[in-house]
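Here the protein sequences line up with chains A and B, keeping their order.
For reference, each letter of the first sequence is one residue, going 46 to 297 in the numbering used here.
For reference, each letter of the second sequence is one residue, going 46 to 297 in the numbering used here.
One or more of the hints may lead you astray.
Because identical chains cannot be distinguished in the list, a pair is counted as satisfied if it fits within a single copy or across any two copies.
Straight-line C-alpha distance at most 27 angstroms; calculated DSS-like pairs for lysine-lysine [said to hold, decoys possible]:
hint, residue 1, residue 2
1, Lys296, Lys196
2, Lys99, Lys236
3, Lys296, Lys200
4, Lys296, Lys236
5, Lys296, Lys218
6, Lys258, Lys222
7, Lys99, Lys258
8, Lys222, Lys296
In short, the hints are calculated from the structure, not lab data.
Number of protein chains: 2
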Amino acid sequence: MRPYILISNDDGYQAGGINHLIEVLRPIADLLVVAPDGARSGYSCSITTQVPMKLNLLREEEGFTLYACTGSPVDCIKMAFNILLPRIGRTPDLVIGGINHGDNSSVNTYYSGTMGIVTEGTFQRVPSIGFSLCDMAKDADFSACDEYIVKIVQKVIAEGLPPYTCLNVNFPKGEIKGIRVCRMAKSTWIKEVAACEHPTYGFPYYWLTGEVKEYEPEATDTDRWALYHGYAAITPQTLDSTSYSLLETFKL
Amino acid sequence: MRPYILISNDDGYQAGGINHLIEVLRPIADLLVVAPDGARSGYSCSITTQVPMKLNLLREEEGFTLYACTGSPVDCIKMAFNILLPRIGRTPDLVIGGINHGDNSSVNTYYSGTMGIVTEGTFQRVPSIGFSLCDMAKDADFSACDEYIVKIVQKVIAEGLPPYTCLNVNFPKGEIKGIRVCRMAKSTWIKEVAACEHPTYGFPYYWLTGEVKEYEPEATDTDRWALYHGYAAITPQTLDSTSYSLLETFKL
């Protein structure tokens, strides 16, 4: 039987990245796509608790079904596992978030809706991978990622991933020199808020903006080092965020 | 000089939990409160990228300033560090999220706006703590937490926390037998979506709901074990979510 893959993203089902991913994977797998009905960048692992959600079937072809959901990226995965997959009667071999328009390495992992999808897929006990390209452009060129995506997808379908563990894969913009398995660089955002004034009434309002500041720019084993040197970065991540070192020493 | 604490929450500035926390901490610290202008439960580490935000000064007294923000819990912390604190000219000794109305242990950490605040405070390089009570009621009684909160806050202000590390503190409902330092229990949500029908037009819509399923209910060293046995649970967490074990073994 062909592999069965559940796909979502945080840029919405119309985005270039998810449609490129669908094109790359359709020849090798059956696909269920449940994606937000519009942009949900920066939605992290957020869930919709205050309003109900709707689900709309947009396409149904041999080996390919597409739903749009009014909720968050994580909601899409919850809707798939709780409503659609039991109806279809299949369990996915893999959950994929992406391909994201923009860098989800290092600190960005925490804000990323793409990695929200991957976290949720892992909690649903299915091996899960996030793919992101370090290019936020709407018409970004994803084609250099294809061979790596197919290789990683086939490996994870064949071998699985340990429980509570997932993969965060980021691709550099442009040519890809190769791939490196990396730890997450320690970094933070700075200069994060731009203050503006209403053009007529003068009241202040604020946009998020900013740049990433690295705490360890000299380290060569990180995802950010790999990306800045033209390599794709695979960062294996755990959902057990216990600090075992502090667990040993913290006494009240 | 008195300690200076930045407080936010995900239930909104009007909520009982944050106002109880303010009452408990005002005698021992100066407080800057920047909280959402309404409920933001389940907002995780989400950030507002598609619309601008506003900030409203609601109260300004000796040692206590309160702003409401139209953004997410994480946005509140970013607004504080990027706009308010530079203006005020002070750096907080501590960032606190809470007291949340509801359990943020184990898997809930990932969806929690309270823990989003704590994650963000840690990225801003200030020791950060989340406080949550396992009682979602609007009029929940937070008073049993007071002595523990004061003790934990004073310890962390005096001793700090290691970089990229924070504390997730959950209190059981009712009497508290004591406190345990715990790892995060492995669990997931199940039966997560309830399908409904529009009363007139019959179209389907969906609410998130569900219950937590533990993968290791027999383990006695977890946050969930502590809470179910009447203890407060302190879980030290790291923001380096690299899976170092898979990093060693993953080869493409």
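I want to check one pair: Lys99 and Lys236. Are their C-alpha atoms no more than 27 angstroms apart within a copy, between two copies, both, or neither? between (37 angstroms within a copy, 17 angstroms between copies)
27 angstroms Cα threshold - placement of Lys218 relative to Lys296: Between copies, since 23 angstroms is at most 27 angstroms while 46 angstroms is not.
For the identical chains here, do Lys296 and Lys236 meet the 27 angstroms Cα criterion within one copy, between copies, both, or neither? Intra 36 angstroms, inter 37 angstroms, cutoff 27 angstroms: neither.
First find the shortest C-alpha distance between Lys258 and Lys222 inside one copy, then the shortest across copies, and answer within, between, both or neither for a cut-off of 27 angstroms. Answer is within: at 25 angstroms inside a copy they meet the 27 angstroms cutoff, but 43 angstroms across does not.
27 angstroms Cα cut-off: does Lys296 pair with Lys200 within a copy, between copies, both or neither? between (43 angstroms within a copy, 10 angstroms between copies)
Evaluate Lys99 and Lys258 at a C-alpha cut-off of 27 angstroms and name the case that applies: within, between, both or neither. between (39 angstroms within a copy, 26 angstroms between copies)
Copy assignment of Lys222 with Lys296, given that the CA separation must stay at most 27 angstroms: This pair counts as between: shortest inter-copy Cα distance 17 angstroms, intra-copy 48 angstroms.
Since the copies are identical, ignore which copy is meant and state whether Lys296 and Lys196 lie within 27 angstroms (CA to CA) inside a copy, between copies, both or neither. between (46 angstroms within a copy, 11 angstroms between copies)
Against the hints set out earlier in the document, a violation occurs for number 4 only.
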